[in-house]
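Input sequences plus hints: build the corresponding full structure.
Each residue of the sequence shown is one higher than the last, beginning at 1 in full-length UniProt numbering.
Be aware that one or more of the hints could be misleading.
[What the hints assert, rightly or not] Now the in silico label distances, taken between C-beta atoms and shown as ranges: (1) Pro258 to Val160: 24 to 30 Å; (2) Ala137 to Lys54: 48 to 54 Å; (3) Ser109 to Asp53: 37 to 43 Å; (4) Ala181 to Pro261: 27 to 33 Å.
Honestly, the hints are just simulated from the structure, not real lab data.
Glycine included, every Cβ here is placed at the ideal spot set by N, Cα and C.
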Amino acid sequence: MTGYLVYDVFTDRRYGGNQLAILPDARDLPEAELQLIAQEFNFSETVFLYPPDKPGHDARIRIFTPTMELPFAGHPTIGTAVMLGDAGLGPDLVLELGIGPLNARVEGSRASFTTGMALKRLAAPETALVADALGIAAGEIAARPVMATLGLGFTFTPLVSRAALAACSPDIAAFRRGAEAHPEGMDFAQYAYVEDGNTIHARMFAPLDNIPEDPATGSAAATLAALLAEMRGAPVALTIRQGEDMGRPSLIEASATPGGPVTVSGEAVPVTRGELLR
Numbered sequence: 001m002t003g004y005l006v007y008d009v010f011t012d013r014r015y016g017g018n019q020l021a022i023l024p025d026a027r028d029l030p031e032a033e034l035q036l037i038a039q040e041f042n043f044s045e046t047v048f049l050y051p052p053d054k055p056g057h058d059a060r061i062r063i064f065t066p067t068m069e070l071p072f073a074g075h076p077t078i079g080t081a082v083m084l085g086d087a088g089l090g091p092d093l094v095l096e097l098g099i100g101p102l103n104a105r106v107e108g109s110r111a112s113f114t115t116g117m118a119l120k121r122l123a124a125p126e127t128a129l130v131a132d133a134l135g136i137a138a139g140e141i142a143a144r145p146v147m148a149t150l151g152l153g154f155t156f157t158p159l160v161s162r163a164a165l166a167a168c169s170p171d172i173a174a175f176r177r178g179a180e181a182h183p184e185g186m187d188f189a190q191y192a193y194v195e196d197g198n199t200i201h202a203r204m205f206a207p208l209d210n211i212p213e214d215p216a217t218g219s220a221a222a223t224l225a226a227l228l229a230e231m232r233g234a235p236v237a238l239t240i241r242q243g244e245d246m247g248r249p250s251l252i253e254a255s256a257t258p259g260g261p262v263t264v265s266g267e268a269v270p271v272t273r274g275e276l277l278r
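The structure is reproduced here in structure tokens:
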């Protein structure tokens, strides 16, 4: 039998944050079953762990949403680092992902990772299209949306108020139009946010990937930090609050320098364990 663990990530308590299923030893699982297992858990991501390909590294990570494999995602990286720390590894880790090796550090229930990937701006979707996707009036959008990536493409949209963020009600037909117009993004995944100094209130929607709303999105937090550092022309240290409008509050810390590396950190806690029946 193959065991699994479930962690809640970007939270210091159970039943908050973003759920993550981890299969610590996936070597005996048939390739054709990986996507089916991720579908069965139906979390935003499921992680399958393998021995590392290179000596000196700690684990090879494969990450699946309910619909596809991803080269990188933030909350699976944080949750896996905490799990490996619970298993006695660390504090310094090198994790092999689809984007290449990633340095991480774990201390108790808190982990961080640093990526040196360059920020890429992919597109500037029309404000009206993004407003339709978010289900809000175009006047609630504070500036032209930007589609950007540090490994996964999201559309980043600043809103004028916390009330506008709470009012978002995604329209899947508009998401389909956006995905057709901008295939370079991750199915037109939308990251809407409100700035309050260095505190960010955010929501992320990816309904075309069977993720109606994500409680915490570390990869998007990393890209937002890189974007804001570039826009402000100065280092940023952000506290990002996500998941509050769906009852799973999450807290993500992200820091970046203009053109420099980005660090994301947060906590994770174990919730359940079990076995897949074969």
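Verification of the supplied hints:
Between Pro258 and Val160 the beta carbons are some 26 Å apart, a value that agrees with the proposed interval 24 to 30 Å. A hinted range of 48 to 54 Å holds for the C-beta pair Ala137 and Lys54, which are about 51 Å apart. Remark: the range hint 37 to 43 Å for Ser109 to Asp53 is contradicted by a beta-carbon distance near 28 Å. Between Ala181 and Pro261 the Cβ separation comes to about 32 Å, which falls inside the hinted range of 27 to 33 Å.
Comparing the model with each numbered hint stated earlier shows that hint 3 is the single one that does not hold.
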